[in-house]
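When you line the sequence shown up against our numbering, it's residues 76 to 566, in that order.
Everything labelled a hint here was simulated from the structure, so no lab data went into it. By construction, the Cβ of each residue, glycine as well, lies at the ideal position given by its N, Cα and C atoms. Hints should not be assumed to be uniformly reliable.
Claimed, not checked - Straight-line C-alpha distance at most 20 Å; calculated EDC-like pairs for lysine to aspartate or glutamate:
id	residue 1	residue 2
1	Lys516	Glu440
2	Lys242	Glu272
3	Lys110	Asp184
4	Lys110	Glu217
5	Lys271	Asp343
6	Lys271	Asp154
7	Lys242	Asp343
Unchecked claim - Label-pair distances were calculated between CB atoms; the ranges are:
id	residue 1	residue 2	range
8	Pro278	Phe505	27 to 35 Å
9	Val355	Leu115	22 to 30 Å
10	Phe231	Phe505	19 to 27 Å
11	Val358	Gln282	14 to 22 Å
12	Trp449	Leu288	54 to 62 Å
13	Met136	Leu537	47 to 55 Å
14	Gly266	Val534	49 to 57 Å
15	Tyr442	His185	31 to 39 Å
16	Asn554	Asn234	43 to 51 Å
17	Gln353	Leu552	31 to 39 Å
18	Arg509	Gln282	28 to 36 Å
19	Leu544	Gly266	46 to 54 Å
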Amino acid sequence: MNNLIANAWSVMQPFAPIIVVVVTLLVVMLGIALKRSHFLIGTLSVMGLNIALLLLIGQIMGWVAMPEQPVISAMFIIDPFAQFNMAVILVAALACCTLAYPYFRTFKDHKEELYLLLLLSTVGALLMVSAHNLASFFMSLELLSVPLYGMLAYAFMRNRSLESGLKYLVLSATASATLLMGMAFIYAATGTLQFKEIALSLPNVYQSPLMILGAAMMTFAVAFKLSAAPFHIWTADVYQGAPAPVATYLASVTKVAMMALAIRFLIDAAILAIPAVQMVLMVVATLSILFGNLLALRQTNLKRLLGYSSIAHMGYVMVAALSVASGAYAITNMYMAVYALTSVGLFGVLTLMSSSYKEEGEAAELYHYRGLFWRRPVLTGVMTVMLLSMAGIPLTAGFITKFFAIVAAVDGRQWWLAAMIIVGSAIGLFYYLRVMLTLFKRPNRTMEFDALWHWGIQVGGLMVILVTLLVIYVGVLPNNFILWATQSIMW
């Protein structure tokens, strides 16, 4: 009996952070059923995510005993690559929880279910980054996506929020159906669902019509989930309509999980070795950089601007993924981690400036931030640092990751893609600076939205400040972060 328990524990121990989030989910569900309390449910959610994060850090640092080799099951694998992305996901999910509490505090209807949906979606994200089988690929992706439909439409008193949830539901379901059909074609061509076994079968079937069609359909579906061009039409509308904390989650957790899973699939299944897939990804990366930056130029709504900006950033990450140079995949980890933290910071400022009870909208228009420096100088400093990081200005984390993305493209002799990053960054600098200048202009006579005077001592405000300090630290002293990302390369 003892041996049975010991064997079961040795198998489950590497999955302990995921199990903690699942247990938290069950506790929150019981809490909602027994006693509705926004404070209690929010506190339980934050505590559970903190415990999961601390446990994961203990595993990474060696404080908690872990097998020396990656733990591999039929569906999932726990390796340094998965642990790196799980850490980023838990930090971003924790930030979203802390930002959701003050935002939904004045919400007139039930607000506790939001934490239930967020935790359920986070479980899906954690499973996504460790999936190495087409079946677990699809199931974990849907576990992330389905709760997100409800989260997007949670502020149902606003028409835009309902529209956001409905639009994402219809289009995401279409992409999921396309993804599933692509998986079916790949299974028909190779006879296996395992990524590594697909790679072994690839030399015999890579010219098969079923294999090419399946790989193309999966590529298109993943591009939609990442909001990469030309599958980006939904992005700005969904970002604009989503409640600010949910938009934070959409911009950070979902993007990190989807990109990590896509990278693992491209590497382990050797799909990137198919010339047609390489060509499609090059076109998608180029279009994403161009469309994302050019469409962001004319935006006066901050959420729409950040939505279009995310399209361009996904293009930059694809450039690094396409490079065959050594360390290119560590760069994608670095880039997505920094992008997630920066998105949390920017959307965090927007969340602190907004409130759910205002049916007419949030502090999303640029004129809402006119003269913010003269009212909230520290909050302006947070927003300025995040915008500079997004633009890739030196001494911020964004500069480090964008520089390495260019280096990866040059080392891989992807000259055109390296040039596209430089051109896209130049265009992006313009609209990021436009937002920054708005912060320091003469303030409006009337203020429609403003952050609370004590925002910095609230949990959401403290989280935003900590994320800002982390972005500065990585920009000034990047060695430890680079080392960790390099060690996260898959076995």
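Hints breached by this structure:
2, 4, 7, 8, 9, 10, 13, 18
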